[in-house]
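Q: Position chain F relative to chain H; hints supplied.
Number of protein chains: 2
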Amino acid sequence: MPQNPSANLKGQKKINLILVGFGRVGRAFYGLLREKRALIKSRYNLNPTLLSILNSTGGIASDKSIHPEKPSDICSSDLTQHSLWQKGLRLEHVLKTTPAGVLVECTPSDLQTGEPGLGHLHLALDNGWQVVTADKGALVVDFHGLREKAVRKGLGLGASAAAGAALPTLDVGRVSLAGAEITSLAGVLNGTTNYILTQMALGTSYEKALEEAQAKGIAEPDPSLDVGGWDTAAKLIIIANAVMGLNLSLKDVDVEPITDVSSRTCVSVQNGGKSLKLVGKVHKIKNIFQAQVKVEAIDKCHPLYGVDGAEKGIVYFTDTMGAVAIRGGKSDPRAAAAALLKDIINIYHRY
Amino acid sequence: MPQNPSANLKGQKKINLILVGFGRVGRAFYGLLREKRALIKSRYNLNPTLLSILNSTGGIASDKSIHPEKPSDICSSDLTQHSLWQKGLRLEHVLKTTPAGVLVECTPSDLQTGEPGLGHLHLALDNGWQVVTADKGALVVDFHGLREKAVRKGLGLGASAAAGAALPTLDVGRVSLAGAEITSLAGVLNGTTNYILTQMALGTSYEKALEEAQAKGIAEPDPSLDVGGWDTAAKLIIIANAVMGLNLSLKDVDVEPITDVSSRTCVSVQNGGKSLKLVGKVHKIKNIFQAQVKVEAIDKCHPLYGVDGAEKGIVYFTDTMGAVAIRGGKSDPRAAAAALLKDIINIYHRY
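The listed protein sequences derive, respectively, from chains H and F.
Our numbering puts the first residue of the first sequence at 1207, with every later residue one more than the last.
Our numbering puts the first residue of the second sequence at 1207, with every later residue one more than the last.
Hints in this document: simulated from the structure, not taken from any laboratory.
This structure is a prediction, so every number in the text was calculated from the model and none was measured.
Careful, some of the hints might be misleading.
You can't tell identical chains apart in this list, so a pair holds if it fits in one copy or across any two.
[Claimed, not checked] Simulated pairs of lysine-lysine, DSSO-like, Cα-Cα distance not exceeding 30 Å:
no., residue 1, residue 2
1, 1247, 1492
2, 1487, 1506
3, 1490, 1270
4, 1490, 1247
5, 1220, 1293
6, 1506, 1422
7, 1487, 1247
8, 1500, 1219
9, 1293, 1500
10, 1293, 1492
The following block holds chain H by itself, in its conformation from the complex:
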């Protein structure tokens, strides 16, 4: 049976897309868009059309779709080999010469400065483009600046891919809990550290567990942002600022790495019926919201108990709706791309 048969009541809307950043997530988005094009047309009456891809040295741009119809024509990861390659092509030029649509930002940015992504996002909004982003840095540094600009201009700012990707932290916190007061939240927001701690609870050493995670592609070659707790802190800040309207920055979060935990402790906690997790938490202490990332022993009746391996989860505690917990959602580049695509659809589609 067709999904959402109520679509197709209005004419199809063309959405011009510019993709910035062509690493793992950018390439996954490129592939996913081709794969999902027919479904997005039939289910949502939307026709997202990729007109440009840019990286730090240049890019390709066209006034018609640069998306090949045949999978065999897929753009190589080396953009410079593309027939339309223009060295030095700049985002500003493409934004100004293309009818506005959505900027898809996939550049990994510095958590301290938010650049280069922050500049891209402001530039896009300044030029009347909607934005969706997988870039944590820009949002950690200036979520409210971006959000206020987007609201003032009536533009969308999709941040799902930077805040848990396929785990819908922002949707649930803002849409599903609209009108509720969130009194606290807790999340297992980093699959790499959760995988390592889960393995350590089975008796594996930290070093061995990290090696395994790297071999499986779960951990990066340089795992320091993950194991140091900074990736969790970054997501926590984005979620707290977007969902709870807080104004946290990295310096406000008390961050603890997982590297101080021994395998013996993990096993012993597990044997005691609890489970060690790297938990990002926002809660009130003396009536002021405090944020922390700490290794905590989670009880069996806690909603995050059982969120094991590379899985992620979050629980919101509210005044009117009780505790609402979400878990799961794949953590690979394709899932991040799916989160970008979801945000694009939700800018245009109403339920």
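A: Frame of chain H, contents of chain F only:
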């Protein structure tokens, strides 16, 4: 710190509300609206204003808010005692004489005919009113008819309160998984039966567990819709039709009651490391989606394992985002009212 400081950039929008049905959920909505009015104004720039309350014999209506400012003025559950009471006041009259806003439908309707709620919802849409509803019957019988009318007229149809209430089944299925293919779903959608089965797994008899649930206000005096599986089937149909675009009706669902299960079986399954749940499920058999409500033994690694007592949960299995599970959300009338309010906010507010 204030939540969502980016609000207040545009003028406040007045939203006229008509509340139909003044039972447990209707009264909870009335109370919650008063309690949340200031927050909704400051956070969302919205000013929902209750102008009318109707029941099956008449109602009250005014051209200004009928919401008292002081809690002590709260409208008694007996509408006929209100100074504005008009016997025989009809919804159609109020809809036609009030500038359009949102109809809040809280009439419990028959699962076979969908009435009287179905008539209310069509009438409201016909008169240009948005609708939000806690009424399962109307949606089970004619979700697509209502949805198509709403889409054609550019109106919202909020159904969260009828499909899990504070458990955001529809938001996650439609918004968070937009663009993904849902290959199957499974839910523990009824708190009463889940409470009973959880107690039975501890050795309590069915009769005793039901009595306890009734004493705690979890089970209705007549529990037949719950224990017979029909409440689960109704929610399953609404979710499958709204999220997956299926066209299921009650006759399409294979429904099993929990009354055939013995306490001994529950205990034995529990001792074997699994857990008996009344699971509503939509999955493909020979490439065709099939719906069923059955008592199933859930494995420890299943996302619904641990959803115990009066708690509810749902898991969506998808092509691009993996399995996304939600659990929790209170089940009382106040939580259902919060789900109605959430849907109203989301008709007007953009993130």
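Q: Would you mind marking each hint as holding or not holding in the structure?
A: Each hint tested on the structure:
In the homo-oligomer, the alpha carbons of residue 1247 and residue 1492 lie at most 30 Å apart only across protomers (27 Å), although the nearest pairing inside one protomer, at 51 Å, exceeds that limit. In this assembly of identical chains, the alpha carbons of residue 1487 and residue 1506 lie at most 30 Å apart whether taken from the same copy (18 Å) or from different copies (26 Å). With identical chains, the CA atoms of residue 1490 and residue 1270 are never at most 30 Å apart, being 52 Å at best within one copy and 39 Å at best between copies. Taking the shortest alpha-carbon separations for residue 1490 and residue 1247, only the inter-copy value of 24 Å comes in at or below 30 Å, while the best intra-copy value is 45 Å.
In this homomeric assembly, residue 1220 and residue 1293 come within 30 Å of each other (Cα to Cα) only inside a single copy, at 28 Å, whereas the closest approach across copies is 53 Å. For the homomeric pair residue 1506 and residue 1422, the shortest alpha-carbon distances inside one copy (28 Å) and between copies (24 Å) are both at most 30 Å. In this assembly of identical chains, residue 1487 and residue 1247 lie within 30 Å of each other by CA distance solely across copies; the values are 28 Å between and 39 Å within a copy. For the homomeric pair residue 1500 and residue 1219, neither the shortest alpha-carbon distance inside one copy (46 Å) nor that between copies (42 Å) is at most 30 Å.
Proximity of residue 1293 and residue 1500 under a CA criterion of 30 Å is satisfied in neither setting, with 45 Å inside one chain copy and 61 Å between copies. Taking the shortest alpha-carbon separations for residue 1293 and residue 1492, neither the intra-copy value of 56 Å nor the inter-copy value of 52 Å comes in at or below 30 Å.
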